[in-house]
Amino acid sequence: MRKTRLWLLVALAILSLILAGTSMAQKEKKAAAPAAKAAAKNVVIGFTASQTGKFNVEATRQIHGLSLWMDQVNAAGGVKLPDGSAVKFTAKFYDDESKKERVQELYTKLINEDKADFLISPYSSGLADASAVIAQQYKRIMITCGAASDSTYKKGYTLVYQTYTPASRYLNGALDLLSKMDPKAKTIAIVHEKDKFSTDVVNALKTYAESKGYKVALFEGYEPGTTDFAPFINKIPAGVDAIMGGGHFADTSTFAKQLYEKGFKTKMVALLVAPPEDKFAELGDAAYGIIGPSQWEPQVKYGPEGAKAMGIEYFGISVADFTKEYTAKFKEPPTYHSAGGYVAGLLLEKAIATAGSTDTEKVKAALDKMDIMTFYGRIKFDTEKSHGLQIGHDMVDIQWQRDEKKNLVKQVVWPEAAATAKPVFYHAK
Amino acid sequence: MKTRLRFGYLLPLAIILVWGVWVLLKGEDTLRETTFTVFMFIGMASSLNILLGYTGYVSFGHIVFFGLGGYFGFYLVSQHNLALIPASLAGGALSGALAGLLGLAVLRLRGAYFALATIGINEAARAFVSNFGPFGGATGLFVQFSAYEAYGGAGPALWTTFIYLWLVTLVVLLASSLVKSSRFGLGLMAIREDEDAAMVMGVKAPRAKTIAFMISAFFPGMIGTLYFFKNGNVEPGDAFQLHMSIEALVMIMLGGMGTVFGPMLGAVTYQGLRGYLLTSPIFKSLHLAVSGVFLLVIILFIPAGVVGWIRHRIPLTRKLLE
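Sequence order for the protein chains is P and C.
Following my numbering, the numbering of the first sequence begins with 1 at its first residue and continues without gaps.
Following my numbering, the numbering of the second sequence begins with 1 at its first residue and continues without gaps.
Chain P with its partners taken away, still in its complex shape (with noise of 0.2 Å):
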């Protein structure tokens, strides 16, 4: 008896596992079949947002950018192809928390279950190139927005494409900036977090300026989260005529209000993201002439006319209306991120409408052709050996300034033919 009362319950705790298992599966394939059914005309564009972790912020703002971009082109009757109908857009999404984890079974799920279209990367390198492979695996073309290391793309990936300015090129144009004001500046000095994308960008950014005759006299990461930068500085050569590196927004952050702190003297501090950002106006005085790239500023005057004197295409929302139709919708100016969100749509808007089809295959086609101007800036792919690298767009770097009232504002100061006022030399206490 108690023997058969044994089995009973081990044979009972077997099968609630296994009914377990496919109840969760037949459910998921409930909640997928109507999406596959309206498939003729409705795309899906999947993706993972960081909704909780640390790119919280920056990934909801690039969503953000996304959702204007959809709600728009969905109320205006969505993309007409040749054979009359309209292809209209629906967003499926699910939280990555900002961790690797599960970022590929996310995908996967996205692709097989929810039978997205087209993907849209999560935000940061690490994780767009974790989801860039299960894209790759499924045949799907993958956008990658936020993310951009340039080593994605030097995998053998055919159907991901990039919107942000690769790593690589990410303060090659402060270099510029600090030739253009001071053609006697010879020497730089680099202080960067070691992490991937920073150390990306400080490689390339010395390969460059070396090639550019300039000698690097100092070259040294630290460890991200530091929080005291006194050794770094007292090791930067005296009479160097620029600083330049940086990491995230924290160390960024206090790197620069310490550099001031100690009355460093040089011509140009340019440093990673943090600058761009509202909140680093809150440095005050030690804000004051830091130059930071970005990806794009609600400043910049990309427009059809920029476009013609080049030759190609402008495609899509102004930036005047970009800037405005996003603030009264999410209440805080756009940022880059926000707008690399949108663009990312954009583009997929535009080549499923070149394509005249939402065929994997034709899509690719025309993104590979692509080269238009949009109110974020050129778009053109590599498609030689980094194939999907973006090699159209450009960086703007903005510098801290202070307006008649002695106000810290944000001004572009290069390339020059986008500069909203004249860039200013560093000045620390």
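Zero decoy hints are in this set.
Okay, derived cross-link-like pairs now, DMTMM-like style, lysine to aspartate or glutamate, Cα gap no bigger than 25 Å in a straight line:
hint: 1; chain 1: P; residue 1: K364; chain 2: C; residue 2: E149
hint: 2; chain 1: P; residue 1: K385; chain 2: C; residue 2: E149
hint: 3; chain 1: P; residue 1: K139; chain 2: C; residue 2: E149
hint: 4; chain 1: P; residue 1: K115; chain 2: C; residue 2: E28
hint: 5; chain 1: P; residue 1: K41; chain 2: P; residue 2: E361
hint: 6; chain 1: P; residue 1: K88; chain 2: P; residue 2: E361
hint: 7; chain 1: P; residue 1: K262; chain 2: P; residue 2: E220
hint: 8; chain 1: P; residue 1: K92; chain 2: P; residue 2: D71
hint: 9; chain 1: C; residue 1: K284; chain 2: P; residue 2: D71
hint: 10; chain 1: P; residue 1: K54; chain 2: P; residue 2: E282
hint: 11; chain 1: P; residue 1: K99; chain 2: C; residue 2: E123
hint: 12; chain 1: P; residue 1: K115; chain 2: P; residue 2: D368
hint: 13; chain 1: P; residue 1: K92; chain 2: C; residue 2: E28
hint: 14; chain 1: P; residue 1: K99; chain 2: C; residue 2: E28
hint: 15; chain 1: P; residue 1: K206; chain 2: P; residue 2: D241
hint: 16; chain 1: P; residue 1: K380; chain 2: P; residue 2: D176
hint: 17; chain 1: P; residue 1: K139; chain 2: C; residue 2: E28
hint: 18; chain 1: P; residue 1: K54; chain 2: C; residue 2: E123
hint: 19; chain 1: P; residue 1: K422; chain 2: P; residue 2: E277
hint: 20; chain 1: P; residue 1: K41; chain 2: P; residue 2: D83
hint: 21; chain 1: P; residue 1: K212; chain 2: P; residue 2: D241
hint: 22; chain 1: P; residue 1: K267; chain 2: P; residue 2: D285
hint: 23; chain 1: P; residue 1: K154; chain 2: C; residue 2: E149
hint: 24; chain 1: P; residue 1: K180; chain 2: P; residue 2: D403
hint: 25; chain 1: P; residue 1: K279; chain 2: P; residue 2: E223
hint: 26; chain 1: P; residue 1: K184; chain 2: P; residue 2: E210
hint: 27; chain 1: P; residue 1: K422; chain 2: P; residue 2: E404
hint: 28; chain 1: P; residue 1: K99; chain 2: P; residue 2: E277
hint: 29; chain 1: P; residue 1: K215; chain 2: P; residue 2: D241
hint: 30; chain 1: P; residue 1: K54; chain 2: P; residue 2: D150
hint: 31; chain 1: P; residue 1: K369; chain 2: P; residue 2: D394
hint: 32; chain 1: P; residue 1: K54; chain 2: P; residue 2: E277
hint: 33; chain 1: P; residue 1: K422; chain 2: P; residue 2: D241
Just so you know, the hints here were simulated from the structure itself, not pulled from any lab data.
Dock chain C against the given chain P, drawing on the hints supplied.
Showing chain C alone in chain P's frame:
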């Protein structure tokens, strides 16, 4: 070491065996991915349990073996084109050897001091890797997409990786059962209850602890290699995430430490719950809060873990659940 595996030891093995076969038969990619995550954590929790559950030493450094072993295995795959199985074995071997060396040094510490030392090891390993040239430094390593060609393309490569992971999970559970049912395991449990008394009774505590540490470190190295291969890239930040060590601890506590079945159950429950909440339309914005409340309730009311609680309440199950 003569061992007799009773039914209770075979049950977890049988479940994982059936589960893996079921996934292979169904052949659904989404199911494979979900199961991959769960198996990975079963392997992590069960291997940690050999040290934590049987020997009673709390280690926050389990992820070091996952990271370093995985890094080494991935390095062999991506830079030297080594096949996945020998590479993951090499990753495991490196982790095991490292644990042997570390064990000689830090296993002399007891209680909170040992736990603290293991946190330090995690930071040291991350700093080492981000400065170590052959491992790509701060930018990490990646495999070319074409590397999957050797496994018949990316799709089959992911299935192959899954099958390897399934086998590794089975071996972890087998090792856990063998250790627990052996004389060596009894020695470990004696150490857990009272280390000095165990030594008086003739258990060679330093040696036994080091061997347990090595066994528990070997498997994360293998799992790490498979996981990074599946991801296609590795960076220092992803390889040494302290939170994964802590999650493994939680899974063991949840299921019942010192049992073979417990860590497995804990991993399945914890990961299953997280995965479900993350994708369920109702909870997907609240998943962290819900899983937090759930864990709190369990730790408040059943501190011995699910398996410990069942064994205590229903004497019949004591033979069934080990």
